[in-house]
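Knowing the structure of chain A, use the given hints to seat chain B on it.
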Amino acid sequence: MALKSRHLLGLEGMPKEDIELILDTAVSFKEVLERPIKKVPTLQGKTVVNLFFESSTRTRISFELAERRLSADVVNFTTAGSSIAKGETFKDTVKNIEAMKIDMVVIRHSSSGAPHFLAKVVDANVINAGDGTHEHPTQALLDIFTMREKFGYIQGLNVCIVGDILHSRVARSNIFGLKTLGASVSVCGPETLIPKDIEKLGVEVYHNIDEVIPKVDVLNVLRLQLERQNSAFIPSLQEYHKFFGITRKRLEKASKPILIMHPGPINRGVELSSDVADSEHSLILEQVTNGVAIRMAVLYLLGTMSN
Amino acid sequence: MKILLKNARVISPSQGLDEVIDLLIVDGKIEKLGDIEETKDFQVYDMSGKIISPGFIDMHVHLREPGFEHKETIETGIEAGANGGFTGLCCMPNTEPPMDEPSVVEYVKKRASKSLDGMIEVYPIGAVTKKREGRELAPIAELVEAGVVGFSDDGNPVQDSGVMRKAFEYISMFDRVIIQHCEDKTLTQNGMANEGYWSTLLGLPPYPDISEEIILYRDLRLIQYLKPKIKKVKYHIAHISSKSSIELLRKFKNEGLNITAEVTPHHLLLTDEDIWRSSYDTNLKVNPPLKSREDIESLVEALKDGTIDVIATDHAPHAPEEKEADFASAPFGIIGLETAVGLILSEFVNKGVISIHRMIELFAVNPRKILGLPQVKIAEGEIANLTLLDPNSEWIVDAKKFKSKSRNSPFIGWKLKGKPLGVINRGKVYWSDL
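Here the protein sequences come in this chain order: A and B. Residue numbers 81 to 387, in the numbering used here, belong to the letters of the first sequence in order. Residue numbers 989 to 1422, in the numbering used here, belong to the letters of the second sequence in order.
If we strip away everything but chain A, and leave its shape as in the complex, we get:
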């Protein structure tokens, strides 16, 4: 079995079998991570560069761990103090790095479509680690992996994504992936943070979180980016917390336990109250563990394709 594409740019349009192949492969890698020696020689001799044009801690560390556990050689590139800071263009930077004989590129960029541009100009396999407000496919894959692990299925699962949908790449990738696998997906947030025509992606839109809670199996709660408040998308963080924040009191109204996910880092007391973040309903730390397994699966599947 092999993936249809030699890049992972997004989950939009990715066939169901490919998503399932990644999820199934990640199951084996999760087993590897449970062993005392967590390293396999799969990508020995391959070089992966982590190109992070936008700051990130956990995604970068997660990728780096996944790469090292597959025995790849790893190079990290961040923009601070780099040639980009000296005025070099994105394209030149990338072509220079490629000239150093890189096999795979993991890219995080603040501009939607940057990995797509990269895939047009380099020969290496490109993995999107988050592009602007477009996609964050490995995050969605690890979210879906975690849900599948808990429920045993995705088809028919009720998932609501809560928060700033407009600017969220996590939301988009989750919508694309979950819809392909047959889940029922809704979004809930202030109307100013709901993008136009989102319902055409096959999701229901809610503005009242208390109306959503009784209907769902999973709440995937997005980080409210504090800097957005400066653009006045919402009146205040307090008001946001009051109307959209996930609290134990709100969850108690549901007849069944609802699982809580969050891509991190959490703003405690804004989108999630601490008692929920640390509760038995929270899958947040499992997501982090699964993230490494998913990224190993993606790196393995792309890195071992015949080039």
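Warning: the hint list may mix true and false statements.
[Unchecked claim] Keeping only pairs whose Cα atoms sit at most 27 angstroms apart, straight-line, the calculated BS3-like set for lysine-lysine is:
#1 A:Lys280 - A:Lys110
#2 B:Lys994 - A:Lys280
#3 A:Lys200 - B:Lys1389
#4 B:Lys1020 - B:Lys994
#5 B:Lys1231 - A:Lys200
#6 B:Lys1020 - B:Lys1416
#7 A:Lys200 - B:Lys1403
Note that these hints are calculated values from the structure, not bench results. Here the structure is a predicted model, which means the values were calculated and not measured.
Frame of chain A; chain B shown alone:
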């Protein structure tokens, strides 16, 4: 120099002329029309199956000089215009320094007169406000004296309604057209793609189409309000792009307002979906952004029924290193001078959407009406200002044949039927190299 063009289909809609005849040009003037015997000193061209029209004008061009000579110069822009079938170009004032004072206008005119021996007429558009900042009026009267044919702040349209009112009042004294790029910047902010399904899917900052309609409506209502007070306002909508703007334009035209509009070939042929299809091709990043299929249908309808008056390119050259970037970093705009005529012949005239007469009105007759320039006549004794077309030639758009300094066109590689053959003006002939 004596040039004999044999068996050409000569079309001049303003004169009601459409005949297959010979045309003799001597020293830049049309000496004779009709059946003409060749003599030895004639340069003879067989024009069977070809069309001769009054020279085309592109009302919306960015020549980039002064200030951005790495994108285009007046010289390369003029050559691109000639190569694309135009004998006249209006150049927008967003240069550096901007054309907000007479010396810059004079500089541009002087440089233009030295390129291709001045055969391509360059008509500068002056800025409405100083530095195109939308606050204080530019020296309008002085700019008129220096030779501007109209006024526009183009990409930085006046946001302040009070300033816009003063601009309408003041410019009304000079019989010059005001060309508005309609965009409410408070709505578009950093928008890059038409707000809707595709911008949501692509995660591109949304640009709501109502921002065009809102400024258009504000301007049209201001003009209506001022109508009893001011003598004459000529208002021209740049690159109209949305169905709702078309409906508004049609309504106000019916109410008798002196307003006109242009559309670009790219807004007629490309959609927001193409950004997805092309995986974020930066040559589809234009302002206003590409719209939906439904908007295109409305634009085409307006092109056919006369609601739209002009086809203009919004030729916006950018250097390769500027466009070869991620979508957000790339600047807005594409070149158009060397593809417009071919695209319209191929996709509209040859497909029976509009007639060749209508095309000539859109490119040659109406721009002159709007700019207050005398109509070019194809008649004995007149100066030969002509665009020559080959409506049947099949060709592939090839960037290597562009005379523009830039290559930022989404139409490279398109297979077209119909192309510009050349231009004649001020005693000079330029054969297109496309």
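Checked hints:
Taking the CA atoms of Lys280 of chain A and Lys110 of chain A, the gap is near 35 angstroms; set against the 27 angstroms cutoff, the hint is violated. Restraint check for Lys994 of chain B and Lys280 of chain A: not satisfied, since their Cα atoms lie roughly 58 angstroms apart, outside the 27 angstroms limit. Restraint check for Lys200 of chain A and Lys1389 of chain B: the C-alpha separation of about 24 angstroms stays at or below 27 angstroms, so the hint holds. At most 27 angstroms may separate the alpha-carbon atoms for a hinted pair to count; Lys1020 of chain B and Lys994 of chain B meet this at roughly 12 angstroms.
With a CA separation close to 34 angstroms, the supplied pair Lys1231 of chain B and Lys200 of chain A exceeds the 27 angstroms bound. Pair hint Lys1020 of chain B plus Lys1416 of chain B holds up; C-alpha atoms about 17 angstroms apart against a cutoff of 27 angstroms. With a C-alpha separation of about 23 angstroms, the suggested pair Lys200 of chain A and Lys1403 of chain B falls inside the 27 angstroms cut-off, and the hint holds.
Hints 1, 2 and 5 from the earlier list are contradicted by this structure; the remaining hints agree with it.
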